[in-house]
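Asker: Using the hints, position chains Y, S and G against chain P.
Number of protein chains: 4
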Amino acid sequence: MSHIRGRFQKAMDRLVARYTSSLPSDWRLYRYDIAGSIAHARMLAKQGIISEKDAEVIVQGLESIQEEIEQGRFDFRTELEDIHMAIEARLMEKVGEVGGKLHTARSRNDQVALDLRLFAKEAINQTLLKLRELQRALVSLAEANKDVVIPGYTHLQPAQPVLLAHHLLAYFQMLQRDIERFKDCLKRTDVLPLGSGALAGVGYGVDREFLARELGFGRASQNSLDAVSDRDFVLEYEAAASLCMMHLSRLAEEIILWSSAEFDFVELDEAYATASSIMPQKRNPDVAELARGRTGRVYGRLMALLATMKALPLAYNRDLQEDKEGFFDTVDTLLATLEVFAGMVATLKVKRENARRAAERGYLLATDLADYLVRKGEAFRTAHDIVARLVSYAAGKGKPLHELSITEYREFSPLFSEDVRSITLESSLAARDVVGGTAPKQVARALVRAKRISHARP
Amino acid sequence: MSHIRGRFQKAMDRLVARYTSSLPSDWRLYRYDIAGSIAHARMLAKQGIISEKDAEVIVQGLESIQEEIEQGRFDFRTELEDIHMAIEARLMEKVGEVGGKLHTARSRNDQVALDLRLFAKEAINQTLLKLRELQRALVSLAEANKDVVIPGYTHLQPAQPVLLAHHLLAYFQMLQRDIERFKDCLKRTDVLPLGSGALAGVGYGVDREFLARELGFGRASQNSLDAVSDRDFVLEYEAAASLCMMHLSRLAEEIILWSSAEFDFVELDEAYATASSIMPQKRNPDVAELARGRTGRVYGRLMALLATMKALPLAYNRDLQEDKEGFFDTVDTLLATLEVFAGMVATLKVKRENARRAAERGYLLATDLADYLVRKGEAFRTAHDIVARLVSYAAGKGKPLHELSITEYREFSPLFSEDVRSITLESSLAARDVVGGTAPKQVARALVRAKRISHARP
Amino acid sequence: MSHIRGRFQKAMDRLVARYTSSLPSDWRLYRYDIAGSIAHARMLAKQGIISEKDAEVIVQGLESIQEEIEQGRFDFRTELEDIHMAIEARLMEKVGEVGGKLHTARSRNDQVALDLRLFAKEAINQTLLKLRELQRALVSLAEANKDVVIPGYTHLQPAQPVLLAHHLLAYFQMLQRDIERFKDCLKRTDVLPLGSGALAGVGYGVDREFLARELGFGRASQNSLDAVSDRDFVLEYEAAASLCMMHLSRLAEEIILWSSAEFDFVELDEAYATASSIMPQKRNPDVAELARGRTGRVYGRLMALLATMKALPLAYNRDLQEDKEGFFDTVDTLLATLEVFAGMVATLKVKRENARRAAERGYLLATDLADYLVRKGEAFRTAHDIVARLVSYAAGKGKPLHELSITEYREFSPLFSEDVRSITLESSLAARDVVGGTAPKQVARALVRAKRISHARP
Amino acid sequence: MSHIRGRFQKAMDRLVARYTSSLPSDWRLYRYDIAGSIAHARMLAKQGIISEKDAEVIVQGLESIQEEIEQGRFDFRTELEDIHMAIEARLMEKVGEVGGKLHTARSRNDQVALDLRLFAKEAINQTLLKLRELQRALVSLAEANKDVVIPGYTHLQPAQPVLLAHHLLAYFQMLQRDIERFKDCLKRTDVLPLGSGALAGVGYGVDREFLARELGFGRASQNSLDAVSDRDFVLEYEAAASLCMMHLSRLAEEIILWSSAEFDFVELDEAYATASSIMPQKRNPDVAELARGRTGRVYGRLMALLATMKALPLAYNRDLQEDKEGFFDTVDTLLATLEVFAGMVATLKVKRENARRAAERGYLLATDLADYLVRKGEAFRTAHDIVARLVSYAAGKGKPLHELSITEYREFSPLFSEDVRSITLESSLAARDVVGGTAPKQVARALVRAKRISHARP
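Chains as they are written, first to last, in the numbering used here: chain P, 1 to 458; chain Y, 1 to 458; chain S, 1 to 458; chain G, 1 to 458.
The shape of chain P in the complex, shown without the other chains (with noise of 0.2 Å):
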């Protein structure tokens, strides 16, 4: 896959060089290539295969280069085909023949792969510690909400009574399985490829252990042509990033729903809110929104890469340079989403008399009058027929619950008493005492847990 031209004698045209460039994309890259390079170059002395003193010439070449680059004063000519070959060309200008010697034992195939597994595990880290800044967020949201009640939803309908806590967590149990699944990810990412050559690894006594370890790889890849075709860690990211966008796509729905006038039981932020021009009151979910559409893009981009991988015979095949574009977005989306989430969370006003009235309508505690009947001796399926009962005579009358009189409840079992009075939204978020259940003490003590891990190291 190396590119220069040999007899070809005409110029590629511009079109066709701009069809092939990635430059404008894995310029990114740089840091990782630089990197990368520099520990070539020491392996390449230490093993004798160039000299100590060449090494030290490419070394110091390359890091000028770095420089020059974050200065904004590197040429980043479009005519070169990407940044590998950028910094190389650039390197044989400042320091002439010698870095060509760069080059040996090395191929731009194990070369980019190194680069792109480099980046990937900034990538990931970086995205682990978002991850943490989020569910930190959702905890102290939670925290500062600890008592309120909200309706929980099944169909979008009104169900059983929950502590807004309690749902807070639920996210955060989702975000927990992300930051599995990245570090997953990290474990098939943290593998060292150079060494592999073009496909079938290199004509030199290289050291790949050393390698490793000055680049800081867990180990070094097993087999040549898996190693300079595989993009598994890319996908995986991205399957890791569809399902994080997921659950993130699912707190913005319910941030939505709860702001709209209709709801109401939340107030955003105003930096995280639009307001409308005439309606100034108004605060449109924007972020929220923007980031339910995004979820979308994310989960193009996997399906684009998934589409773009199969079928390649081994091993590297000109497609795989379409994997880093879109991996770049998906890792750019995600980061900022679970960023701006982090501030949207933490600055969430919780409407809490709203949202307490919303669970007192309907009649969130059916599920337990029948589970005092059950308690009181009743069969649970007779039970809930009873209750079925009751609930449609008091929809009737348009009456709550406990606006009818134990005569009337009477009427549907004679298990009825007094005590039926003893059900409330707090008896009933208390009777849920499990765990895993939305009863304060279960709550409180899952708070304690998550705190403590939003704070650990992901």
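Treat the hints as calculated values from the structure; they're not laboratory data.
A virtual CB, placed ideally from N, CA and C, is assigned to each residue, including glycine.
No false leads were mixed into what you were given.
When the alpha-carbon atoms are kept at most 27 Å apart in a straight line, the in silico DSSO-like pairs for lysine-lysine are as follows: (1) 46(S) x 376(Y); (2) 451(S) x 183(S); (3) 451(P) x 349(P); (4) 187(S) x 451(S); (5) 376(Y) x 94(S); (6) 187(G) x 451(P); (7) 399(G) x 349(Y); (8) 187(G) x 187(P); (9) 376(G) x 94(P).
Chain P side only, calculated, beta carbon under 8 Å to chain G, not exhaustive: (10) 104; (11) 155; (12) 174; (13) 200; (14) 203; (15) 295; (16) 374; (17) 380; (18) 435.
Using C-beta positions, here's what the derived DEER-type ranges look like: (19) 71(P) x 93(Y): 31 to 37 Å; (20) 93(Y) x 421(S): 36 to 42 Å; (21) 46(P) x 452(G): 29 to 35 Å; (22) 382(P) x 216(G): 31 to 37 Å.
Answerer: Just chains Y, S and G now, kept in the frame of chain P:
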């Protein structure tokens, strides 16, 4: 969806601004935005909603902004949300308060829909032209190699001989369907949304027919809620582009196969291939590989927008902002791919001897042998069985059919006689003398038709 | 691609047979397969390729097989590869050797393409009818609730009042585009592939025009290689179905929202909802939820076939067998969803008072207030600023606009006078008197048009 | 989400029943449903929530239902919504009222989550076993062809010689990553949801640890809202399956290429290929083609569920019912594909002479020539340039390198001497003596490792 700060005191922080801005991608709508605004201003004046003088000031202001942009003098401030706000803000700077009148009887919701439709119409027209170009390249390659025979494959196994021209015209047909699809898409894109306001229609006596005429639309939208939230035209383009890229990926695959050392049917022009640094005689089909790889990218963009649009309530939601980047990328990718393919196909060198040799190997005339027996009175399935046994016999001997003696033939069926020798590649081709068949006569006619079509306006 | 065993001695084991058989899904093509074979037999006789008598025997055999299948007496043996082989094998059993003649001048490749196109044409026609049904349901719901006002939303925030009928007609428009798209797809489906043989065209004097007429096709395919490997029509159906499901998912989402306790704008008929066992007054919008969920399914099928078709070399490859199951599932899902939606929409009860109350909340007349000022001479953007401040003031006081005194109004602009009281929900609606706007006059006209269209043949 | 009719009088019509029923696909969960119910009944008794005797009656009832199902005597009535209702209804028939007690402290929401997790765990374990089988098949094919040389390709152009065994071990590595991924997925699947109730946790003193132990789960879920709405484990399986199918599609592509007349490196066993009816010597790689095609299918199922889950508010929504069919299909497809691949790979015949001949063509030793010059002191890039010119010269003459005279060599560099003759396919292979390289020594070691791994429990 107007977003000017009202009572919001806190500045939306940089992070959120970056997260929500679409300026990095939608700046390229500037031409459509200005054209739309000019037509709107003229309509407002015509209807007496603003004065002729105000309209003139606005139009001149807009024209000078266009000049600024095209001369690279326009300051795209990233804190502005999108291209519409950027132009609006600049207009206010240039012409003062009167600039504000431009937004009478218009909302950003119908404005952004308008801009995107204007862009889409131009994109479709460009696409149609590029499709035609590639059709012409196919026709010219076919004409230049009118009598080249290649093996026709099923399951990537040689099956029957076909003319290369016939094979190329299969792609012509695919592109013709693509053209029809894009034209159908154009019908549904060619609809003016302006006048729909934020969502309910505007409260002024606007003249939508005038606007449609000025801006070259075939008709005006019939429902304001639909008009501001409809992105079908983008999705339809992306779906048509996905099919078209699928076609191109098939051609790319074949070019890659045919360029391989094992097939060796064609040689890519060096402008459309890349040489290895060390095996300069090799031509890597990078352009074809990239096109094949980018098929996934275009699929992904379609999937992204489908996912984004799913389950959005009416009317405008900020999620819709995600329509643009993927659309632009799809258009850019498709146009560039069509363009490089036209060049790559036009300059392809066919190695006719290699192709013919491949068509002579195997037993590609087996079907013709069976047809021979059928014509002599054998039942179709029996004829097949006879030939199957004959071919097995020949393969066992390692002989091509024409090396078998008539005696050997007649061991399988007494119907064989000396005239079986007249079955050749040429007779096989000639026999497929049915509309759509590979007989030279049919292909010649098809080429004439294709040539005519490829020179007609799409 | 004919697959009868030749010198293969070993029986393909059950596992592989199961892996490769498409009979479990393609049995439902039997009607098309038989119709195609009958037409083919008649054509062969007409052209003198087989005798009239043989044709008659074959046709009768096929007709009796159709009867067997429809009466459940047909033995679908799973060791047969597909429906074509199953019918062929049965025909041989029934009519003996003569059955083999049916396959003269035909291959399974053009046969399977034919069957699928016949199925697709019927599927499209069914789809068009169901789309019309749903359009009629929308029109009838709109007519029955002609004067119901609801809040029009952007960002799920109430923005401006609209007529429910106007809102429903937005969906009418979407479905109208769907109809156009399926009709366009029909044009490209309505092409006879028979005569293309395995890939190169058949070597007999077939009459493709006759076949096209017999089988009701508009025209015959123009390139045999394309005809046997083209699945564009399936993909195009799936893409159109994806857009249509996207539209339905938006309607589903709104029905779910509107059925929620918080919105409470509509009540689902009990036939289209599910009750909770214990809160029987609740109606879970299961049908709408499933439709929303199945949108993903239809998207997935599109993506699947796009991925499958990518980079396949010409002509037939066995990968193409994967076209059917997803296509059938897409057709079934879409038809069923359209059908249940027609019923669900037609029986929806609108809670007009709740909807109106919601439209009265918030400050949905703000835009009308600004337009009022503009009409009195204020510049558009200034008018907006004044109203924004006024709304802020009112919101601060917790008052709706109509509870402000004229004096309070005039503190924001001297242009306000007593006639500001004439701005009401009704005046706001009436003001959007533009084609596509929500003014009752416009909506009435749109309803008339929609009704007429919905009763016309698609 | 319980759905027994309450005050709903009207019967849900057949259409809707069919639209909403999941019984046609979820009947296969019966074993998990019954196992879950038995454990639940035992736990209820252990906790004194129901009597031991009632539990016994229930358990016996469930066991006899399982028998009925497995003996084909169970009547799956399609008017029942799902497998849970079907079993519940049958239990009531068999044991009467007491059956109703089974549902104490349980909801269909946690029940369905439980069943699906039990199924998923078994599916993962099956997948791991099948992955191991295929690994063993690869190892055994590699061992049997230890010294076979093939061209290693980049861009489908021959690049450097590699051992076939090395090439096959690249797939071993991919499958090893697949195994790791499925094992990671198992960790997150191995979580008991029972006890979460409808959404808020159950209001009884259940023993979730007991349930987890009984049912073989590693731990219990920590949040009830999350537990009933989490389908990450399905998505994660589908993502891992997509990657695995992608790997298999690459192997399928290579088998298809290698089986082509042009490559002709391998011969498929007739059990895994299909013959043409008329060219019986041909073996169509149908199994490989179908596997390649079904890659799209698995991708599509992933995309479907991602789209379905997007933006769903907590907790349970009926959309989630869509999880099952795609999941079952993915598991079935992947397991079957792994199984047929194991057989296909194990029986593949390698045509070693053809492969070697292909490796001798081209100039696959060019890199070795350059390395030779570098070892003699030439700078890396210069050495490349020299060899490039040399190869051009040879190609121009139409000669392989070993036919050039030393004089001709020395015209390009004086460093060439007689020992250049020692550069052969074998020396080239041997030179890649680095971990992961294709040197026979390295490959032998890799094979030993691979064999050991492939026989260990996954």
